[in-house]
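K.L.:
Just need the whole structure built from these sequences, with the hints factored in.
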Amino acid sequence: DAGVTQSPTHLIKTRGQQVTLRCSPKSGHDTVSWYQQALGQGPQFIFQYYEEEERQRGNFPDRFSGHQFPNYSSELNVNALLLGDSALYLCASSFDKMTQYFGPGTRLTVL
Amino acid sequence: GQQVMQIPQYQHVQEGEDFTTYCNSSTTLSNIQWYKQRPGGHPVFLIQLVKSGEVKKQKRLTFQFGEAKKNSSLHITATQTTDVGTYFCAGLGTASKLTFGTGTRLQVTL
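Here the protein sequences line up with chains A and B, keeping their order. Using this note's numbering, the letters of the first sequence map in sequence onto residues 1 to 111. Using this note's numbering, the letters of the second sequence map in sequence onto residues 1 to 110.
Please note that the accuracy of each hint is not assured.
What the hints assert, rightly or not - Below, computed lysine to aspartate or glutamate pairings styled on DMTMM-like, alpha-carbon distance capped at 25 Å: (1) B/Lys97 / A/Glu75; (2) B/Lys57 / A/Asp85; (3) A/Lys26 / A/Glu54; (4) B/Lys51 / B/Glu17; (5) B/Lys70 / A/Asp85; (6) B/Lys97 / B/Glu54; (7) B/Lys36 / B/Glu54; (8) B/Lys97 / A/Glu53; (9) B/Lys57 / B/Glu17; (10) A/Lys13 / A/Asp85; (11) A/Lys26 / A/Glu52; (12) B/Lys97 / A/Asp85; (13) B/Lys70 / B/Asp18; (14) B/Lys51 / A/Glu52; (15) B/Lys36 / A/Asp30; (16) B/Lys36 / A/Asp96; (17) B/Lys56 / A/Asp96; (18) A/Lys97 / B/Glu54; (19) B/Lys36 / A/Asp85; (20) B/Lys97 / A/Asp30; (21) B/Lys59 / B/Glu15; (22) B/Lys97 / A/Asp62; (23) B/Lys57 / A/Asp96; (24) A/Lys13 / A/Glu51; (25) A/Lys26 / A/Glu75.
Don't read these hints as lab results, they were simulated from the structure.
P.N.:
Here it is as structure tokens:
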């Protein structure tokens with residue numbers, strides 16, 4: 001049984017560019033959440049998707065958007081990248097909207 | 001908004017010593033979860049506490065949820081080098097958003 005998978009593993013972008021990160025949830029999970037983890041800090045909740053709709057959102061600007069597909073996989077899009085967007089982006093899936101099963105993350109570097 | 005703080009930020013112990021990290025929320029929580037993140041890795045779910053005053057044990061790890069459901073602790077007895085990592089608590093508030101604590105980084109040396 002595959003766990004949560006994310007792609008790509010690493011990504012380097014320049015300021016102003018746009019990026020799309022992808023996540024496949026653990027089998028049997030229908031809810032996907034995205035987190036941003038800056039170096040040395042705890043994960044910060046970006047948003048949560050369930051039934052292809054954004055259900056909860058943290059304190060992130062509209063530059064951060066997402067999508068969930070019928071197979072429960074999800075994408076995180078970030079527009080107009082800033083240097084401060086450099087971080088580890090974690091996807092987590094859940095079957096009860098509480099316990100989070102995290103993927104390995106995508107390390108985004110913005111130059 | 002909801003804030004979750006952890007102390008200490010960092011602790012260095014010798015193998016065999018005990019370790020405790022404390023978690024405090026600015027608001028009452030529905031439940032509290034604990035995660036461990038190894039260096040270079042991703043957070044891994046350890047446990048969830050739901051009831052006021054609840055205590056759960058996993059081998060050498062003891063987790064406690066405060067009576068007021070605003071604080072929690074994780075105690076490791078006789079640490080081992082495999083316990084190295086950052087321990088995060090995460091609280092589920094009334095808005096059903098999971099807020100992670102600031103984390104406690106544990107270093108264990110022989």
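K.L.:
Please write out, lowest number first, the hints stated earlier that are contradicted by the structure.
P.N.:
Hints 2, 4, 5, 14, 24 not satisfied by this model.
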